[in-house]
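Undergrad: Now for the letters of each chain:
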Amino acid sequence: DTAVSQTPKYLVTQMGNDKSIKCEQNLGHDTMYWYKQDSKKFLKIMFSYNNKELIINETVPNRFSPKSPDKAHLNLHINSLELGDSAVYFCASSRQGGDTEAFFGQGTRLTVV
Amino acid sequence: GNSVTQMEGPVTLSEEAFLTINCTYTATGYPSLFWYVQYPGEGLQLLLKATKADDKGSNKGFEATYRKETTSFHLEKGSVQVSDSAVYFCALTDQTGANNLFFGTGTRLTVIP
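Chains as they are written, first to last, in the numbering used here: chain F, 2 to 114; chain C, 1071 to 1183.
If you're looking for bench data, these hints aren't it; they were derived computationally from the structure.
Treat the hints with care, as some may be off.
Stated by the list, open to error - From the structure, some residues in chain F lie toward chain C, with a derived Cβ separation under 7 Å:
hint : residue
1    : M47
2    : F65
3    : F91
4    : D100
Stated by the list, open to error - Far from chain C, by Cβ distances over 10 Å, these chain F residues were calculated:
hint : residue
5    : P9
6    : L12
7    : K20
8    : N27
9    : S49
10   : T60
11   : A73
12   : H74
13   : N76
14   : E83
15   : E102
We treat Cβ as the ideally placed atom computed from N, Cα and C, and that holds for glycine.
With the hints as extra help, turn the sequences into a complete structure.
TA: Below, the structure is given as structure tokens:
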């Protein structure tokens, strides 16, 4: 069983479209995250959710919105896609506590054309 | 604030060479420190961690020691293999309970036979 799974793995779409990336974890973790990895491999946290409450929201455009229907899911919705949104997006989860390991999904490569 | 400064890559080594990837950090309080590895086409996975000063994390022949006096967590391996080719990320979490992982920029390692 995959611990953290995200779909789709690849997403190609046109500018201006709205798209969603889904993430599910079966580890029973309390906290889930979305990270953006740019072409230079730099990782930046976008959001984290703890017990369905947003606790971190970095300076990302409000076109990006996380949606958590339950503790095991954290989906990423993106409106009005722009060329600069092209990147690999990673979902992750962890237990409570700063010394615990984060488990990452395989990533979704988003290409905006 | 919290930040991680990591040695710029890429690093290219011959098989069986000694590896060091430098990592220093800035943090409030007493962070936990991590090394994550990203193999081609995959998500990140934890390589090793250390949660307090002078702790040594080790896994798969890799080691890193939490040095509070120099705020460092350098990654070392005595003899690298071709299969170690990947991108390595140094990271920290603070102790505020938010579980936010702060990543370095990543160092790409290529090991040639």
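Undergrad: Now tell me if each hint is right for this structure.
TA: We went through each hint and held it up to the structure:
1. M47: Cβ of M47 of chain F sits 11 Å from chain C, so the hint is violated.
2. F65: violated (17 Å)
3. F91: holds (6 Å)
4. D100: holds (4 Å)
5. P9: holds (14 Å)
6. L12: It holds; L12 of chain F is separated from chain C by about 16 Å at its closest Cβ, greater than 10 Å.
7. K20: holds (20 Å)
8. N27: Correct as stated: the minimum Cβ-Cβ distance to chain C is 15 Å, above 10 Å.
9. S49: About 6 Å separates S49 of chain F from the closest Cβ of chain C, which leaves it inside 10 Å; violated.
10. T60: At roughly 13 Å from the nearest Cβ of chain C, T60 of chain F sits farther out than 10 Å, so the non-interface label holds.
11. A73: The claim stands: A73 of chain F keeps its Cβ more than 10 Å from every Cβ of chain C (closest is about 17 Å).
12. H74: H74 of chain F is indeed farther than 10 Å from all Cβ atoms of chain C, at 17 Å.
13. N76: holds (17 Å)
14. E83: holds (23 Å)
15. E102: Non-interface label on E102 of chain F violated, nearest chain C Cβ at 5 Å vs cutoff 10 Å.
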